[in-house]
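J.: Starting from the structure of chain A, add chain B where the hints point.
There are 2 protein chains.
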Amino acid sequence: MRQIDFFYFFGSAYACLSARRIRPIVDAAGVSIRWRPFNVRPLMQENNVALRTEARKVEYIWRDIERRSALHGLAYVRHPIWPTDPELLHNKVGMLAASEGWGEDFTLASCKAWFLKGFALGDRACLEHVLAQFGKDATATIAEAQSARIAGLYEENTEEARRHGVFGSPSFVTDDGEMFWGDDRLEEAIAWAA
Amino acid sequence: MRQIDFFYFFGSAYACLSARRIRPIVDAAGVSIRWRPFNVRPLMQENNVALRTEARKVEYIWRDIERRSALHGLAYVRHPIWPTDPELLHNKVGMLAASEGWGEDFTLASCKAWFLKGFALGDRACLEHVLAQFGKDATATIAEAQSARIAGLYEENTEEARRHGVFGSPSFVTDDGEMFWGDDRLEEAIAWAA
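These protein sequence lines are chains A and B, in that order. Using the working numbering, read the first sequence as starting at 182 and increasing by one per residue. Using the working numbering, read the second sequence as starting at 182 and increasing by one per residue.
Chain A extracted, bound-state conformation (with noise of 0.2 Å):
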């Protein structure tokens, strides 16, 4: 029979919601379980701290968005570089293509350049590669990107992300104001939606 440890801390609400759903799931599968309390607090200061310093966390990260992809049948060839687009340009390529209707494609497109091909978001070489798709011209695009008009509406989705009580990304906001935060709030965001 194969196992599984359950490392839970008391005082840990998500920890509770496990222990409470966790015995019919691991005996329909035919796992067992050991009960294992341990002190999170420590390793939370060791890690939860700051992101970016954070090697264990990242490490994991991405260890997860290549189980994840494999669960959702989504390739995944390589770490993608990170962190990324630190003056925001990509950003407000981005901001751009979605005030024009052609958003969602060229994050498709972007995502596809990062997480498969390699490119850094940011760089003015995988904007070139992603914009060409589109028959954009980079100079003229990366231009009107940097414009008023597009620092405006860039901010005003922030803001209205942070009076949605928005503190990550992705986030998910239905129409009577749930906020949902994270991809694996994905399916619960869209069925409350819905």
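Watch out, some of these pointers could steer you wrong.
[Stated by the list, open to error] Within a straight-line C-alpha distance of at most 20 Å, the following computed SDA-like cross-link-like pairs (lysine to any residue) qualify:
| id | chain 1 | residue 1 | chain 2 | residue 2 |
| --- | --- | --- | --- | --- |
| 1 | B | Lys-293 | A | Pro-205 |
| 2 | B | Lys-293 | A | Arg-202 |
| 3 | A | Lys-293 | B | Arg-202 |
| 4 | B | Lys-238 | A | Thr-355 |
| 5 | A | Lys-293 | B | Pro-205 |
| 6 | B | Lys-238 | B | Asp-365 |
| 7 | A | Lys-238 | B | Glu-340 |
| 8 | B | Lys-238 | A | Arg-344 |
| 9 | A | Lys-238 | B | Gly-346 |
| 10 | A | Lys-238 | B | Gly-363 |
| 11 | B | Lys-238 | A | Arg-343 |
| 12 | A | Lys-238 | A | Trp-263 |
| 13 | A | Lys-238 | B | Asp-365 |
| 14 | A | Lys-238 | B | Glu-359 |
| 15 | A | Lys-238 | B | Arg-344 |
| 16 | A | Lys-238 | A | Arg-259 |
| 17 | B | Lys-293 | A | Trp-263 |
| 18 | A | Lys-238 | B | Lys-293 |
| 19 | A | Lys-238 | A | Arg-249 |
| 20 | A | Lys-238 | B | Thr-355 |
I should point out that these hints are in silico values taken from the structure, not numbers from a laboratory. Keep in mind it's a predicted model, so treat the numbers as computed, not measured.
T.: Positioned in the frame of chain A, the structure of chain B alone reads:
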């Protein structure tokens, strides 16, 4: 047609996962989507540094717990008291229980006391309430929980969690060393283990 706002940041890997998955899901659900790039950085700086001082994130977490309790058919009565267990006393009694084979039942009873009855984990009254359900004398049990033996076992669990790269609670580690973080990875962890 219902609508959802998709706030996303270029440079968030999870946002790319969502971006790549969202189209068929929203289409099947009959939900329209707005693609809204935004600047997550100031929001993370404002909210993601230390959970106890992050009012917005803490508020979100309880709402998330409430929604996911409903999703899974679990009762949810009130905002449990948090943070809890300043001296790790409840954790140590949980460690004692785990070491004697009644860890799962003690955990479930503790969650019920915390989530549904409004007890504060770590309080003597809470431990008395829970331990009485097992016919245990609170004074003797708490004394035993504070022994060197229990401290050693608790530290062993914590060290093993650290070795597996754990940085949060709950986390799940399969017997081939795969680590999953969070209640939202529960099913994935179980499937991996199976």
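J.: State for each hint whether it applies.
T.: Do the hints match the structure? See the list:
A hinted pair counts as satisfied when its Cα atoms are at most 20 Å apart, and Lys-293/B with Pro-205/A qualifies at roughly 18 Å. Pair hint Lys-293/B plus Arg-202/A holds up; C-alpha atoms about 13 Å apart against a cutoff of 20 Å. For a cut-off of 20 Å, the pair hint linking Lys-293/A to Arg-202/B stands: about 13 Å separates their Cα positions. Taking the CA atoms of Lys-238/B and Thr-355/A, the gap is about 18 Å. The hint holds against a cut of 20 Å.
A threshold of 20 Å between alpha carbons decides the hint, and for Lys-293/A with Pro-205/B the separation of about 18 Å falls inside it, so the pair holds. Note on Lys-238/B and Asp-365/B: the hinted pairing holds, with a Cα-Cα distance of about 17 Å set against a maximum of 20 Å. A threshold of 20 Å between alpha carbons decides the hint, and for Lys-238/A with Glu-340/B the separation of about 17 Å falls inside it, so the pair holds. Between Lys-238/B and Arg-344/A, the direct Cα distance comes to roughly 13 Å. Compliance with the 20 Å bound is thereby established for this hinted pair.
Only pairs whose Cα atoms come within 20 Å are accepted, and Lys-238/A paired with Gly-346/B is accepted, the gap being roughly 8 Å. The suggested pairing of Lys-238/A with Gly-363/B holds, with an alpha-carbon distance near 13 Å, which does not exceed 20 Å. In summary, the hint linking Lys-238/B to Arg-343/A is supported, as the alpha carbons are separated by about 12 Å, within the 20 Å threshold. Using a Cα cut-off of 20 Å, the hinted pair Lys-238/A and Trp-263/A holds, with the two alpha carbons roughly 13 Å apart.
Taking the CA atoms of Lys-238/A and Asp-365/B, the gap is near 16 Å; set against the 20 Å cutoff, the hint holds. Proposed proximity of Lys-238/A and Glu-359/B is supported: the alpha carbons are some 14 Å apart, at most 20 Å. A hinted pair counts as satisfied when its Cα atoms are at most 20 Å apart, and Lys-238/A with Arg-344/B qualifies at roughly 13 Å. The suggested pairing of Lys-238/A with Arg-259/A holds, with an alpha-carbon distance near 18 Å, which does not exceed 20 Å.
About 42 Å separates the Cα atoms of Lys-293/B and Trp-263/A, which puts this hinted pair outside 20 Å; it is violated. At roughly 31 Å between alpha-carbon atoms, Lys-238/A and Lys-293/B are farther apart than 20 Å, so this suggested pair is violated. Under the criterion of a C-alpha separation no larger than 20 Å, the hint pairing Lys-238/A with Arg-249/A is consistent with the structure, at around 16 Å. With a C-alpha separation of about 18 Å, the suggested pairing of Lys-238/A with Thr-355/B holds against the 20 Å cut-off.
Hints 17 and 18 from the list above are not met by this structure, while the remaining hints are.
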